[in-house]
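Asks: What follows is the residue order along each chain.
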Amino acid sequence: MADTNYDVIIIGSGPGGYVTAIRSAQLGLKTAIVEREHLGGICLNWGCIPTKALLRSAEILDHANHAKSFGLTLEGTMKADVKDVVARSRGVSARLNGGVGFLMKKNKIDVIWGEAKLTKPGEVSVGKTSKPIVEPQNPIPKGVKGEGTYTAKHIIVATGARPRALPGIEPDGKLIWTYFEAMKPAKMPKSLVVMGSGAIGIEFASFYRSMGVEVTVVELMANVMPVEDEEISKFARKALEKRGLKIITEAKVTKVEKAANSITAHVETKDGKVSQITADHLISAVGVQGNIENIGLEALGVKTDRGCVVIDEYGRTNVPGIYAIGDVAGPPMLAHKAEHEGVICIEKIAGVPGVHAMDHRKIPGCTYCNPQVASVGLTEAKAKEQGRDIRVGRYMFNANGKAIALGEDNGMIKVIFDKKSGELLGAHMCGAEVTELIQGFVVAMNLETTEEELMHTIFPHPTLSEMMKEAVLDAYGRVLNA
Amino acid sequence: MPINITMPALSPTMEEGNLAKWLVKEGDKVSAGDVIAEIETDKATMEVEAVDEGTVGKIVVQAGTEGVKVNELIAVLLEDGEDAGAIEASGGGSSAPAKPEADKVPAVPASSPAIEVGAKAATDPLPAPKAADGGRIFSSPLARRLAQLNGLDLKALKGTGPHGRIVKRDIEAAVASGAGKAAPAAAAEAPKAAAAPALATGPSADQVLKLFDKDSYELVPHDGMRKTIAKRLTESKQTIPHFYVSVDCELDALLALRTQLNDAAAKDRDGKPAYKLSVNDMTIKALALALRDVPDANVSWTDEAMVKHKHADVGVAVSIPGGLITPIIRRAEEKPLSIISNEMKDYGKRAKERKLKPEEYQGGTTAVSNMGMMGVKNFSAVVNPPHATILAVGAGEKRPVVKDGELAVATVMSVTLSTDHRCVDGALGAELLAAFKGYIENPMSMLV
Numbered sequence: 001m002a003d004t005n006y007d008v009i010i011i012g013s014g015p016g017g018y019v020t021a022i023r024s025a026q027l028g029l030k031t032a033i034v035e036r037e038h039l040g041g042i043c044l045n046w047g048c049i050p051t052k053a054l055l056r057s058a059e060i061l062d063h064a065n066h067a068k069s070f071g072l073t074l075e076g077t078m079k080a081d082v083k084d085v086v087a088r089s090r091g092v093s094a095r096l097n098g099g100v101g102f103l104m105k106k107n108k109i110d111v112i113w114g115e116a117k118l119t120k121p122g123e124v125s126v127g128k129t130s131k132p133i134v135e136p137q138n139p140i141p142k143g144v145k146g147e148g149t150y151t152a153k154h155i156i157v158a159t160g161a162r163p164r165a166l167p168g169i170e171p172d173g174k175l176i177w178t179y180f181e182a183m184k185p186a187k188m189p190k191s192l193v194v195m196g197s198g199a200i201g202i203e204f205a206s207f208y209r210s211m212g213v214e215v216t217v218v219e220l221m222a223n224v225m226p227v228e229d230e231e232i233s234k235f236a237r238k239a240l241e242k243r244g245l246k247i248i249t250e251a252k253v254t255k256v257e258k259a260a261n262s263i264t265a266h267v268e269t270k271d272g273k274v275s276q277i278t279a280d281h282l283i284s285a286v287g288v289q290g291n292i293e294n295i296g297l298e299a300l301g302v303k304t305d306r307g308c309v310v311i312d313e314y315g316r317t318n319v320p321g322i323y324a325i326g327d328v329a330g331p332p333m334l335a336h337k338a339e340h341e342g343v344i345c346i347e348k349i350a351g352v353p354g355v356h357a358m359d360h361r362k363i364p365g366c367t368y369c370n371p372q373v374a375s376v377g378l379t380e381a382k383a384k385e386q387g388r389d390i391r392v393g394r395y396m397f398n399a400n401g402k403a404i405a406l407g408e409d410n411g412m413i414k415v416i417f418d419k420k421s422g423e424l425l426g427a428h429m430c431g432a433e434v435t436e437l438i439q440g441f442v443v444a445m446n447l448e449t450t451e452e453e454l455m456h457t458i459f460p461h462p463t464l465s466e467m468m469k470e471a472v473l474d475a476y477g478r479v480l481n482a
Numbered sequence: 001m002p003i004n005i006t007m008p009a010l011s012p013t014m015e016e017g018n019l020a021k022w023l024v025k026e027g028d029k030v031s032a033g034d035v036i037a038e039i040e041t042d043k044a045t046m047e048v049e050a051v052d053e054g055t056v057g058k059i060v061v062q063a064g065t066e067g068v069k070v071n072e073l074i075a076v077l078l079e080d081g082e083d084a085g086a087i088e089a090s091g092g093g094s095s096a097p098a099k100p101e102a103d104k105v106p107a108v109p110a111s112s113p114a115i116e117v118g119a120k121a122a123t124d125p126l127p128a129p130k131a132a133d134g135g136r137i138f139s140s141p142l143a144r145r146l147a148q149l150n151g152l153d154l155k156a157l158k159g160t161g162p163h164g165r166i167v168k169r170d171i172e173a174a175v176a177s178g179a180g181k182a183a184p185a186a187a188a189e190a191p192k193a194a195a196a197p198a199l200a201t202g203p204s205a206d207q208v209l210k211l212f213d214k215d216s217y218e219l220v221p222h223d224g225m226r227k228t229i230a231k232r233l234t235e236s237k238q239t240i241p242h243f244y245v246s247v248d249c250e251l252d253a254l255l256a257l258r259t260q261l262n263d264a265a266a267k268d269r270d271g272k273p274a275y276k277l278s279v280n281d282m283t284i285k286a287l288a289l290a291l292r293d294v295p296d297a298n299v300s301w302t303d304e305a306m307v308k309h310k311h312a313d314v315g316v317a318v319s320i321p322g323g324l325i326t327p328i329i330r331r332a333e334e335k336p337l338s339i340i341s342n343e344m345k346d347y348g349k350r351a352k353e354r355k356l357k358p359e360e361y362q363g364g365t366t367a368v369s370n371m372g373m374m375g376v377k378n379f380s381a382v383v384n385p386p387h388a389t390i391l392a393v394g395a396g397e398k399r400p401v402v403k404d405g406e407l408a409v410a411t412v413m414s415v416t417l418s419t420d421h422r423c424v425d426g427a428l429g430a431e432l433l434a435a436f437k438g439y440i441e442n443p444m445s446m447l448v
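From first to last, the protein sequence lines are chains X and W. Take the first sequence: its position 248, counting from 1, is numbered 248 in this note's numbering, and each next residue is one higher. Take the second sequence: its position 4, counting from 1, is numbered 4 in this note's numbering, and each next residue is one higher.
If you're looking for bench data, these hints aren't it; they were derived computationally from the structure. Errors might be hidden in some of the hints.
[Claimed, not checked] Pairs of lysine-lysine residues, derived as DSS-like cross-links and limited to a Cα-Cα distance of at most 25 Å, are as follows: (1) X:K362 with W:K158; (2) X:K273 with X:K258; (3) W:K231 with W:K352; (4) X:K117 with X:K190; (5) X:K348 with W:K158; (6) X:K419 with W:K168; (7) X:K187 with X:K246; (8) W:K237 with W:K227; (9) X:K362 with W:K58; (10) W:K168 with X:K420; (11) W:K168 with X:K384; (12) X:K420 with W:K158; (13) X:K382 with W:K168; (14) W:K227 with X:K348.
Keep in mind it's a predicted model, so treat the numbers as computed, not measured.
Construct all of the structure, not just a fragment, from the sequences and the given hints.
Replies: Set out below in structure tokens:
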């Protein structure tokens, strides 16, 4: 009889779940993880990672198209082969998916394959996967445990989220896509309507635009990427439009008519005017919702709210012994938030001293469109809304040596300080590689530096990062190169 | 209307106390002035008197409850004609909100400059603060700046960041709770207000207990006094660099004078003398006069300034069941021996009953710890801040001494002065002790 009793069982092996499992094992807890479809979850198989692979292909294509400005002549033409671009993206996911399997084995974490259901506190029953598997499916790792009843003192729900569907505009997998279909086009469409301009929508819009597709983005709010600082959103919008992206804001798709090989979206703007846009496909990117159904939460009385499990600052639900982390536990639905939430949760369970609740203000966000957008902390509007007396500093890419040398001189960095205490309240960026730059400010915020320490920090020359210091200096009227 | 009886503040610094004992029970009639309960604070047991008359309707906090916050509801008194139902009706059964009284909040120093950040701040960063022992206090830059803006003393705060680093949330918590206000410099209370820096902790209870068999001991929970002794003396030994100076004093002249003075004491009708001096009383007086003569040693340490006291307030360690307490003879340098002696008798009696008032044992500028009556030859005492010195007194015993090159017998008492080296250096301590020895060996000088 195989051992089916654990200290911790984690349901879902996305970035939140598998990282929590590793930390759990590191803390000496006997750990199992249940997965029904693919190790690594959406992030690694259908989200963060494969889209970055697609966008890399797009970026190289963009560079090639500008080869002449770098003094390079391309003999013949550079063109994207959809099949190979998608195959590379799938290959990247497959490699990392295998990597998660290796990590589970290395940390002696049992992988239980199937669909989990909480039957009673401390007990999980694992049955056959009933959800239709999204193809292509990575092979099921060897040596996994199968269906059965498993027990654990602590059960962590990390079931993630799935695309939200608007009534009447439900994705059909053929004409109306979600990110699943958008990630593996069989052939390159000529035109697309992207509904929603959050990170997912705008990244696909940017990718397909680079691939030469006519793309129209429809956004309900006043600005694209509505969670970002307004100034950055407007800056990004201008840059995206310069690349030929059509963007309609304060508008909604009221109806989608389907023809044999095209859709016609009815787009109603704020003033009540309705226009019709015909395209090959519509990508529905109106957000994601937590996977809270069919895992036995209702029967056990686990509290949920607006499609997410309600947790306290340490991932505890209202039912002792049941925890939730990541997307299923509420926004922001980001992989790095899930990972950190999981680590806090399991460390609290293990009684690690000095565990503190996550500071939601210090969760960075990155969008990998061209140009990239990255941010952490309060936007200018939010800071003012909170009644903060602030100082704002800005620096433009067109005054930075490295940016000009790279041929990436369109971008900006904006920082927001509390006037009185010098606390760094927020940092917002748009431009080349800003998704790699933002971490400097995240570290600064986490170490609670004030403007002084940032001004005393030596930034290497020539780098894009120098702009971060210049933006800080600008906030205090001391900018050097502007 | 039922009358709420709340936990009284027995001293300005009291935040909580233990409800030691109820002297009334529900249904008892009380009138104003009746003692209804005993409250145990860190060092004393105090009586709580009823301020109104009525019937005890409900005892909310049971006897033996520890850590009852000041202003918390402890009982409800019913007026004539009211029954217990009135308690519920008036909402009296629930805990009254603890309202901090404005005059009990320590004042923020007026000089708490708002920092104008920018060019100046950038060239003049806030220095990392030092702990009382000169060690570094780990704190985030933002925490340092917020502490300055809020007039907080980082030394008084406990960090919850990595490795005990003081971070923003600790400052926010301190601001919310009113803890850690920076002490006004040079105020006599300063050493008390500035709480201890993060102290190293000893082994945990579990670590200690697992060294012994389960049934080989019994556990006696600490009372307030035991906790205070542990806290203050640990703090003292961790923050005060102790320095010790010893000297032998010949007592024969003092003993002779004592006999003479005691014989001369006026007697009342019952034949009870007006005073009966002890060697200890004379030791107190000698130390007080020595401090008057060597005023540089009559000091207290604060990080900002030397607190130079104008009078010698001498604490006297009194051993009592379960611990000790140090009542203070104020202005001992001005008081005749008879007064010192009678004050000590009163203090000693009330100390044993744990009935001293906080103002009778808080403060002081030095202390005497006498174990002579227990036959101890010599020992070193632990400085009790805000004192800078403490004199450990051994037994007076006949010892061979050399006088004019000849062996002789004298009554000799060894004393050891412990000093806080931050404010009383070795030579200064020696000077103080020489002055003390002068009074002990020439005791007539204490009378003029």
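Asks: All hints, please: hold or fail.
Replies: Going through the hints against the structure:
1. X:K362 with W:K158: holds (23 Å)
2. X:K273 with X:K258: Holds. X:K273 to X:K258 sits at ~21 Å (cutoff 25 Å).
3. W:K231 with W:K352: holds (21 Å)
4. X:K117 with X:K190: violated (43 Å)
5. X:K348 with W:K158: holds (21 Å)
6. X:K419 with W:K168: Since the Cα atoms of X:K419 and W:K168 sit roughly 16 Å apart, the hinted pair holds (cutoff 25 Å).
7. X:K187 with X:K246: Answer holds: X:K187 to X:K246 is near 22 Å, not above 25 Å.
8. W:K237 with W:K227: holds (15 Å)
9. X:K362 with W:K58: violated (50 Å)
10. W:K168 with X:K420: holds (14 Å)
11. W:K168 with X:K384: holds (20 Å)
12. X:K420 with W:K158: Holds, at roughly 24 Å.
13. X:K382 with W:K168: Distance ~20 Å between X:K382 and W:K168 Cα, so the pair holds.
14. W:K227 with X:K348: violated (30 Å)
Of the hints listed earlier, those the structure fails to meet are numbers 4, 9 and 14, in rising order.
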